[in-house]
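Protein chains in written order, with the working numbering: chain A, 1 to 780; chain B, 1 to 293.
Calculated from the structure, these hints are not laboratory results. Remember, it's a predicted structure, so these values are computed and weren't measured experimentally. Do not take every clue at face value.
Straight-line Cα separation of at most 25 Å, DSS-like style, residue types lysine-lysine; simulated pairs [to be verified]:
1) A:133 to A:366
2) A:366 to B:245
3) A:366 to B:195
4) B:257 to B:31
Label-pair distances were calculated between CB atoms; the ranges are [as the list claims (entries may be wrong)]:
5) B:24 to A:676: 19 to 29 Å
6) A:431 to B:134: 58 to 68 Å
7) A:478 to B:243: 44 to 54 Å
8) B:29 to A:740: 52 to 62 Å
Positions of the beta carbon are idealized from the N, C-alpha and C atoms, including for glycine.
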Amino acid sequence: MYFFKLIVLSLFLLSLLFTGELFAQNKRYTVSGTIKDGTSGEDLIGATVYVKSLKSGTATNTYGFYSLSLPPGKYEVIYAYLGYTDQIFPLELSKDQTIHIKLKPAASQLEEVVVSAERANANVTRTEMSVEKLSGKTIKLIPALMGEVDVIKAIQLLPGVQAASEGTTGFSVRGGSYDQNLILLDEATVYNASHLMGFFSVFNNDAVKDVKLYKGDIPATFGGRLSSLLDIRSRDGNTQRLSGTGGIGLISSRLTLEGPLFSEKATFLLSGRRTYADIFLALANDADLRSSSLYFYDMNLKFNYSINDNNRIYAAGYLGRDFFGMKHAEMGFGNKTFTLRWNHIFSPKLFSNFTLIGSYYDYKLKTNFNEQLSEEWKSKMEDYGFKADFSYHLNPSNNIKFGYNLVYHKFMTGEGGGSGEESILDRIYLPNEYAMEQSLYLSNEMKIKNRLTLKYGLRYTLFQNISNGEEIDFLENYNVAYSEQHKKGKFYHSQYSIEPRIGALYQLDDRSSLKGSYSRTTQFIQLASNSAAGSPLDVWFQASQNVKPQHCDQFALGYFRNFSNNKYEFSIEAYYKKMKDLVDFKDHADLMINEDMEQELRFGKGKSYGLELMLRKNSGRLNGWISYTYSKSERKVDEINNNEWYRSPFDKPVNISIVANYELTPKWTISGNWVFASGTPVTYPVGRFQVENNYVPIYAGRNENRYPSYHRLDLSATVNLSKPGKRLKHDLNISVYNAYGRKNPWMIYFQQEDERPDTSYAEMIYLFSFVPSVTWNFTF
Amino acid sequence: MKLKAIYIIPALLCLLFSCTARIDISTKAGKEHLVIYGYLTDELGYHYIKITRSTGYFATEAPEGVSGADVKISTPTTVIHLYEYEPKSGMYIMERMYQGIEGEEYTLDVSLDFNNDGEMERYTASSQLPFAARVDSIDVQKSDALNHRVEVLLYGQLPDSDENHFIFQISRNNQSLDDSLSKFSLISDKYLTEKVINRLPVYFLDQEEEEEKLYKGDILELKVKTITKEYYTFLSDAQDEVWGKIPIFSGPPANIKTNITQVEGENEIPLVGFFTAYSGDAKSVLVQEDYGE
Chain A
1 MYFFKLIVLS LFLLSLLFTG ELFAQNKRYT VSGTIKDGTS GEDLIGATVY
51 VKSLKSGTAT NTYGFYSLSL PPGKYEVIYA YLGYTDQIFP LELSKDQTIH
101 IKLKPAASQL EEVVVSAERA NANVTRTEMS VEKLSGKTIK LIPALMGEVD
151 VIKAIQLLPG VQAASEGTTG FSVRGGSYDQ NLILLDEATV YNASHLMGFF
201 SVFNNDAVKD VKLYKGDIPA TFGGRLSSLL DIRSRDGNTQ RLSGTGGIGL
251 ISSRLTLEGP LFSEKATFLL SGRRTYADIF LALANDADLR SSSLYFYDMN
301 LKFNYSINDN NRIYAAGYLG RDFFGMKHAE MGFGNKTFTL RWNHIFSPKL
351 FSNFTLIGSY YDYKLKTNFN EQLSEEWKSK MEDYGFKADF SYHLNPSNNI
401 KFGYNLVYHK FMTGEGGGSG EESILDRIYL PNEYAMEQSL YLSNEMKIKN
451 RLTLKYGLRY TLFQNISNGE EIDFLENYNV AYSEQHKKGK FYHSQYSIEP
501 RIGALYQLDD RSSLKGSYSR TTQFIQLASN SAAGSPLDVW FQASQNVKPQ
551 HCDQFALGYF RNFSNNKYEF SIEAYYKKMK DLVDFKDHAD LMINEDMEQE
601 LRFGKGKSYG LELMLRKNSG RLNGWISYTY SKSERKVDEI NNNEWYRSPF
651 DKPVNISIVA NYELTPKWTI SGNWVFASGT PVTYPVGRFQ VENNYVPIYA
701 GRNENRYPSY HRLDLSATVN LSKPGKRLKH DLNISVYNAY GRKNPWMIYF
751 QQEDERPDTS YAEMIYLFSF VPSVTWNFTF
Chain B
1 MKLKAIYIIP ALLCLLFSCT ARIDISTKAG KEHLVIYGYL TDELGYHYIK
51 ITRSTGYFAT EAPEGVSGAD VKISTPTTVI HLYEYEPKSG MYIMERMYQG
101 IEGEEYTLDV SLDFNNDGEM ERYTASSQLP FAARVDSIDV QKSDALNHRV
151 EVLLYGQLPD SDENHFIFQI SRNNQSLDDS LSKFSLISDK YLTEKVINRL
201 PVYFLDQEEE EEKLYKGDIL ELKVKTITKE YYTFLSDAQD EVWGKIPIFS
251 GPPANIKTNI TQVEGENEIP LVGFFTAYSG DAKSVLVQED YGE
């Protein structure tokens with residue numbers, strides 16, 4: 001603790017040292033306020049405020065708030081946001097001022113199509129790197145599987161991001177595992193972001209305002225996962241009038257209603273979606289299948305109230321569930337999250353946000369093939385948290401952020417067994433896991449000169465296991481060495497991490513910049529899954545006396561360049577990641593209903609490195625991006641692969657994505673994306689031996705082989721059916737997933753010929769070959 | 001019984017969206033492994049051990065037997081020698097009929113020059129023959145829960161230890177319906193509350209599958225083999241490898257651990273296989289009605 005205090009103090013003093021001008025500079029006044037969409041009243045995240053004469057500016061935070069300190073004088077302040085008309089505000093500054101701005105969407109429909117949602121050269125001027133942003137509008141244009149517009153499928157098209165497996169919403173960022181991504185919906189953790197075995201994500205795009213993916217350079221404000229942060233913010237609701245958005249598709253329908261409540265000060269948003277795959281099951285020949293249920297639904301609810309200029313409260317909730325039921329078996333799983341936020345502006349320079357957060361995930365299974373063998377199983381996890389975040393605009397050169405974060409984890413790993421009076425199956429209770437995770441952070445973004453900006457910060461996390469009152473095993477060489485028992489509720493084991501986050505921006509000119517960053521991230525909870533893509537039945541487990549937290553050090557360098565008056569953005573980033581205390585599992589690990597699961601773990605290290613190129617066109621009739629990634633990802637884990645390095649399951653060296661939208665006419669828009677990826681690493685057999693009339697494979701090195709390369713083309717066309725002057729705006733979207741029917745292997749397995757049992761052959765299972773869909777979308 | 005059924009629902013769901021196709025892949029040839037596999041049981045008979053060489057995965061021939069081995073199985077009081085049944089067959093059969101004894105520890109001892117370096121290597125493995133489950137009788141009935149299925153019901157008693165492991169095998173008119181590893185029904189009783197079993201369905205025969213159809217007059221036999229935990233793990237792991245890996249549920253492929261160790265020989269020989277002892281009991285029933293559709 002002493003060490004931490006020392007570092008924090010040093011960092012703070014260091015920041016003051018560099019900011020000596022604080023004490024020396026002339027009198028300054030602060031202009032602050034919010035920037036909103038002039039049509040819907042939604043806060044605009046990342047909108048810019050720029051004073052050209054001083055070459056000074058800032059951007060709105062995630063709540064649409066900005067703060068800028070300037071010497072007294074007359075200025076022209078430019079408020080801008082891509083896809084919106086700039087607003088130039090004449091300002092005579094002689095005292096602190098609050099200015100709220102409403103920007104109007106760009107008049108030209110053709111220009112309305114935007115790919116990113118920031119100021120024109122934000123790519124070059126923002127200090128953060130390794131960050132990708134997508135707006136709900138962009139995501140909607142991307143052709144989607146079965147017409148289900150999907151946030152996570154969209155981010156899988158970005159450089160450095162790849163799908164964990166064909167068709168799934170599990171994703172790997174820069175060679176990391178899919179459980180190394182922190183997925184936040186309005187700041188609440190979403191533990192399983194998938195519907196329907198991972199083929200769709202839990203995020204209803206109609207309710208999504210902003211999606212930001214940090215592939216590295218994660219701000220000190222956030223922590224808890226090694227690889228990435230996916231920060232999804234839902235929309236606040238229209239402040240001007242009651243409006244709606246919705247759609248009817250092949251497998252689901254959705255409806256979002258939003259509007260003011262009583263006055264412009266309060267808004268609501270209610271969004272719902274449900275699938276109806278059950279209808280197709282009713283057409284099946286098999287009687288069991290006909291009587292089956294298969295659906296998912298989700299709902300987003302948001303309430304927003306501006307008490308006054310300095311106080312706003314938000315309440316947001318999400319509820320989603322999947323259900324699959326047959327005559328004698330059923331399964332359900334789902335997430336619930338809630339967020340209660342209070343934004344308070346202490347002064348034009350000090351912005352604060354206090355948040356109460358809850359996250360919940362559970363699954364339940366039941367089978368009843370026979371009364372004696374009737375069984376059930378359930379598992380759930382709950383997080384309750386509190387966050388206090390502060391942003392202090394010290395002066396034009398320094399913007400300090402600091403805060404505290406507390407999360408209480410409660411994991412009910414599993415409970416079940418026999419159900420019903422006649423069942424002869426025993427009841428099973430896996431021990432519950434409890435822990436407290438507390439973090440403190442402090443960071444500063446410091447403009448040293450016009451061209452150079454530094455940001456540095458530190459995050460400290462303390463993770464404490466709480467006793468469940470049962471015996472706790474201490475392992476040596478993966479076997480129980482001794483046990484201890486502690487009183488229920490007692491903190492019996494603590495581990496901490498200190499995570500520096502450092503970055504620098506050197507702006508070469510208005511169009512180009514160099515950026516570098518280093519960040520350390522730590523992960524205290526992880527998935528008990530060694531599969532390639534994860535399933536709803538996976539449970540999370542905590543760092544403990546036997547499991548160290550995983551650490552990752554990431555270094556990144558990048559060159560950013562805009563062309564043709566910021567029409568085109570180009571970036572090239574190189575990264576190197578070094579991971580230690582990485583968790584993997586022994587060969588043939590037993591992870592399901594295992595009281596001694598920690599004995600199945602093996603620990604090691606990993607590294608990944610790569611180069612990411614991105615060329616993006618943000619506006620105009622033709623827009624989209626081309627990305628190319630070259631990367632490697634390797635691991636070395638105790639007892640695995642003879643203790644030699646091996647390819648991680650996410651080592652796919654070459655990844656290419658091309659995403660394009662073209663507005664043919666005001667009525668017709670066509671879109672397409674093509675993806676190519678090196679084949680997934682796999683272990684093929686190099687020999688065989690016979691056991692009980694079957695050939696059992698013999699393997700050499702883990703992941704030495706690869707599946708065939710993956711590629712796929714998706715196409716869509718949208719026809720605008722709206723009539724001029726009518727409030728109802730609607731369109732019809734026709735799309736084809738995997739347009740040329742590429743058979744990308746999802747799984748390869750081996751069989752013996754029936755007639756010649758000594759002859760083996762390989763067979764692949766592939767999914768989703770040429771899937772057409774139609775969706776009708778509307779707004780009013 | 002470890003709730004493996006919970007995988008059934010999600011697996012079915014995935015398969016709803018899937019298609020299959022043959023695919024050509026090339027794999028490099030690995031090192032040749034010595035394969036020793038066999039067991040003895042509590043049934044009186046000429047038990048045998050097979051010693052073979054592993055082959056490339058896409059070989060089209062049966063594995064080649066290893067000749068010239070000195071093979072014996074011993075207890076603290078008895079040594080039984082095994083001789084190659086036919087030249088080059090690799091099948092080593094007991095010199096006399098033998099019936100394993102419950103609770104007895106058996107040690108396999110194999111000496112041979114596998115790599116032809118002029119020096120004999122020696123390999124050993126041990127296994128304790130578990131106490132048998134008793135099968136009192138069996139019965140069949142149409143399943144209420146599953147369409148087109150007939151349940152095979154077991155009456156009997158399981159050994160009185162905390163955890164037992166079994167292979168349930170079924171045959172109809174003396175013809176095995178599950179004579180390959182991939183079809184084995186492997187069961188643990190760790191989570192069973194009762195050791196006395198009364199009408200427990202242990203097998204579900206699909207009456208739409210030609211080979212599983214039951215007709216009046218058929219004789220159905222259920223064999224319950226009580227096996228060691230180690231052998232259960234070996235078979236279960238091997239079965240996982242034979243079945244293949246579903247990306248969202250399965251871990252990466254991995255070699256199956258053997259319980260056979262090389263105790264002599266300069267060079268370490270790559271080795272796979274298993275030696276075990278198990279007990280068994282079986283009962284038959286005469287099928288009284290036509291179930292086959």
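Now for the hints, and whether the structure bears them out:
Using a Cα cut-off of 25 Å, the hinted pair residue 133 (chain A) and residue 366 (chain A) is violated, with the two alpha carbons roughly 41 Å apart. At most 25 Å may separate the alpha-carbon atoms for a hinted pair to count; residue 366 (chain A) and residue 245 (chain B) meet this at roughly 24 Å. Using a Cα cut-off of 25 Å, the hinted pair residue 366 (chain A) and residue 195 (chain B) holds, with the two alpha carbons roughly 24 Å apart. With a C-alpha separation of about 16 Å, the suggested pair residue 257 (chain B) and residue 31 (chain B) falls inside the 25 Å cut-off, and the hint holds.
A C-beta distance of roughly 21 Å is found between residue 24 (chain B) and residue 676 (chain A), which places it inside the suggested range of 19 to 29 Å. As the Cβ distance of residue 431 (chain A) to residue 134 (chain B) is approximately 35 Å, the hint placing it in 58 to 68 Å is violated. Against the hinted window of 44 to 54 Å, the Cβ-Cβ separation of residue 478 (chain A) and residue 243 (chain B) comes to about 27 Å, which falls outside the hint. Between residue 29 (chain B) and residue 740 (chain A) the CB atoms are about 35 Å apart, so this pair departs from the stated range of 52 to 62 Å.
Checked against the numbered hints listed earlier, the structure breaks hints 1, 6, 7, 8; every other hint is satisfied.
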